[in-house]
Amino acid sequence: MFTYYFRLALKSLRRTPVVAALMIGAIALGVGVCITTLTVYRLMSGNPIEHRNDVLYSVTLDNWDPNQPWDDKQPELPPTDLTYRDAMALQESDIPVRHVAMRKGPFVVEGDPATGVKPFLIEARLTTKDFFPMFDVPFQYGGGWGADADRGSQRVVVLSKETNDKVFGGEDSVGRPVRLDGKDYKVIGVLAHWEVTPKFYDLNNGSFRDVEEAYVPFSVGIDDEVQSAGNINCWRAQPLNSFQDFLNSDCVWIQYWVELKDRNQAEAYQSFIDNYVREQKKLGRFERPLNNHLRHPDEWLKVNRVVERDNSVLVGLSFMFLAVCLLNMIGLLLAKFLGGAPLVGLRRALGATRKAVFQQHLIEVGVIGIAGGALGIGLAALGLLGVRRLYENYDALTHLDMTMALIALAIAIASGVLAGLYPTWRVCRVQPASYLKTQ
Amino acid sequence: MEFRPILSAMLRNKTGVFLVGLQIALTLAVVANAVFIIMQRVEKIGRPPGIDSANLIFVQSYGFGPNYDHRDTVQRDLDMLRAIPGVVSATSTNGIPMSGGGMQSQFGETPDPQKSNTVANLYFLDEHGVDAFGVKLIEGRAFTEQEVQYNPSPNNSDFVPAVIVTRDVAESLFGKEPALGRTVYDTLGQSATVVGVMENMLGAWVSFEKPSMVMFQPRIPNGPTVRYAIRTEPGQRDALVAEIEKKLSESNLNRAVTWVRPHTYWVERSYRADSRMVAFLSVIIGLMVCVTALGIVGLASFHVSVRTKQIGTRRAVGARRIDIIRYFMIENWLLTTGGVALGALLAFAFSHWLSTAYSLPPLQPMYVIAGVGLLWILGQIAVFVPARRAAAIPPAIATRTV
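Which chain is which? The protein sequence lines are R and S, in order.
Note that the numbering used here gives residue 225 to position 225 of the first sequence, counting from 1, and the numbers run on in steps of one.
Note that the numbering used here gives residue 232 to position 232 of the second sequence, counting from 1, and the numbers run on in steps of one.
Simulated from the structure, these hints should not be mistaken for laboratory data.
If you're wondering where the values come from, they're calculated on a predicted model, not measured in any experiment.
Any given hint could be a false lead.
Below, a list of computed lysine-lysine pairs in the BS3-like style, where the Cα atoms sit at most 25 Å apart [unchecked claim]: (1) R/K166 x S/K115; (2) R/K183 x R/K166; (3) R/K166 x R/K199; (4) R/K118 x R/K161; (5) R/K161 x R/K199; (6) R/K118 x R/K186; (7) R/K118 x S/K115; (8) R/K183 x R/K118; (9) S/K115 x R/K73; (10) R/K261 x R/K129; (11) S/K210 x S/K176; (12) R/K73 x S/K210; (13) S/K246 x R/K118; (14) S/K44 x S/K115; (15) S/K44 x S/K210; (16) S/K246 x R/K166; (17) S/K246 x R/K73; (18) R/K129 x R/K199.
Could you put together the complete structure from these sequences and hints?
This is the structure:
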């Protein structure tokens, strides 16, 4: 019966090709626009470290101005970053499984004069050793450094795949020297291609920036007084006349994360940071009320409002557009089905049950939904092609993933069937007699 | 023409009329809000930058290694840049206006740090700074060579003897009183004299509520990073970008020339989110208007087809073609009017949601009125094609199938 109804549906659609095209087109447009904006939204609101979400926490302490919150719009939030002295104090704790203090800094890479690579500036992450295992950083060659490098300022470096391609032509460069800012470093690792969208571990310096081009031990950056390439925010009026002054200041510029294996450990760590701040209060620091937070990556992305409000507005508008498309389709379907009412009257008079008529029309609607959905996926792919020209550095936008395609198809069929229910119901109520009379 | 028979004819197809009316309502709600958002963004993008953006080039140089002499490099670079034909003026600078990155600090009109509530975006420029940025001085003067400070230590809390501020900063510090010659204090209580007041220019962050809080300080930025702002003769910019890049990277091997870019690069980048929103919304509006127009055509065509006999009868009893066309035009006008009445309510409800959830400004009624006009015209155009087909129905059809 199904194949018969399916053939009937195709036949019916072919009978009114313009109306059929309009209906399929309307669904396709609505779905295409929705999927395009949803894809962008999903990318922005994604959590790239979802699989480690339960054990990772960002650490924030409120050392800000007693007279003014860090963020006027969200006065309950402490600064996103820590001061140097607080970060170093937290490093002393042995509660967490892992912990990382880090920042961003510029380095000039001197190419090999023989290969003709000119000196170029890169952004490096100056970090303690746990960065790599905590954030599941993929390595192509070698690996990260150990505790000795964090203590002893060894000049070692991990390069991104892109930097390694540029300097070493993509070869395994582990063990080879590279000159950064006029000093010799030893390459100990090369990353595989790594994309993190949004860049959850450093939201204070652009949530959608690319990951850094090299990784250097945090302590090396302090010993060599490497300037910071990220934002530095200060509130206290205090003279800063040396690097040491700066390190002792209340300026915030260090990102801090911990890995805690379970709830007990998380509670222990929370009381550790609270106690630390209480101690500091005795020294005249931390004049604001106690406001220290451990946040999982998903919550961290949310409180920092990483998704642009524009994207949410666009998703809302696209669904209104989809509604208009569906209304349009219902109207056309109604006209079409009621136009075919005499035929239904005839079939009913010949003994077709209401259920059979209902099924037949529902299958027709389903066909429209599937065709609209398939075309909609095509339009969304086209739309994303256009969107990619509007965004910079969003490689993840280059494809419509399978989930999105399935969602598109589901939306199309569900909305098609929903939209088709009323016209189908209407046509089933046709009284056979009223149509047979005028024949 | 009587409205009553038209209305009662419409009521015979309640569902169809209701569907298209709802479509028109939703379209109005979306179009009015979307156009309102677009206009805000277009206005934001179109604000005058206050600097000679179109003719400016920015360069970044980063020195490295033991042989790098920052002060000497900056002097040599600037001498070389200023001598290039086509260059109007050049200065060293720490930041780039409208780039989204920069430095800001607090100032006050008294030495009391508790009262320094004026936050200004800082540019460290030399005596050519005013000319190189192309800002307009309202009163006072540019910096003199003697005022320009240089402290090689990257960490220092020195202040400068003189500052130049925008009109907005002057007003924030001194209210309506004249600012020229007055003293400003930093948070450490150090003082400087206001030697110039300039017309507002946009600072580093274009989306700030008060984007024109800008202060110039006479300083050479300490190394190893330095940027140069180079103002060119109109039309020379693009040719000079390549020339400057070549000359700078050849002149000194102890530094990397990170980039040489026209200022419009940052302008475009800073406004990208806004231009993106304009593009997205325009596409949605365009598609929505098309779909709604098609819906109107569809409904009218359906009405024409089910009323063929009735139209033939009317023609047979003396109605002219123009009467038939007019009938459908009026029917559409009634439908659109009903739709936009509901749509106006929806538009304000939608705007209310946007302003509470996303703190967007509330919708101005003007946009709804314009939207109503647009939909009236759109409806009339859309219905014209099926109406003309209806008018072509011959009177003889009335006699055929009875």
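Here's how the hints hold up against the structure:
Note on R/K166 and S/K115: the hinted pairing is violated, with a Cα-Cα distance of about 51 Å set against a maximum of 25 Å. Between R/K183 and R/K166 the CA atoms are separated by roughly 19 Å; this keeps the pair inside 25 Å, and the hint holds. Straight-line distance between C-alpha atoms of R/K166 and R/K199 comes to about 23 Å, which keeps the hinted pair within the 25 Å bound. Taking the CA atoms of R/K118 and R/K161, the gap is near 18 Å; set against the 25 Å cutoff, the hint holds.
Between R/K161 and R/K199, the direct Cα distance comes to roughly 17 Å. Compliance with the 25 Å bound is thereby established for this hinted pair. With a C-alpha separation of about 20 Å, the suggested pairing of R/K118 with R/K186 holds against the 25 Å cut-off. Proposed proximity of R/K118 and S/K115 is contradicted: the alpha carbons are some 49 Å apart, above 25 Å. A threshold of 25 Å between alpha carbons decides the hint, and for R/K183 with R/K118 the separation of about 16 Å falls inside it, so the pair holds.
For the proposed pair S/K115 and R/K73, the alpha carbon gap of about 21 Å is at most 25 Å, so the pair holds. Only pairs whose Cα atoms come within 25 Å are accepted, and R/K261 paired with R/K129 is accepted, the gap being roughly 18 Å. For the hint linking S/K210 to S/K176, the alpha-carbon distance of about 18 Å falls within 25 Å, and the restraint holds. Simply put, R/K73 and S/K210 have alpha-carbon atoms about 15 Å apart, close enough for the 25 Å limit, and the pair holds.
At most 25 Å may separate the alpha-carbon atoms for a hinted pair to count; S/K246 and R/K118 meet this at roughly 12 Å. For a cut-off of 25 Å, the pair hint linking S/K44 to S/K115 is broken: about 31 Å separates their Cα positions. For a cut-off of 25 Å, the pair hint linking S/K44 to S/K210 stands: about 12 Å separates their Cα positions. Between S/K246 and R/K166, the direct Cα distance comes to roughly 21 Å. Compliance with the 25 Å bound is thereby established for this hinted pair.
Taking the CA atoms of S/K246 and R/K73, the gap is near 46 Å; set against the 25 Å cutoff, the hint is violated. Straight-line distance between C-alpha atoms of R/K129 and R/K199 comes to about 19 Å, which keeps the hinted pair within the 25 Å bound.
The earlier numbered hints that this structure contradicts are 1, 7, 14, 17.
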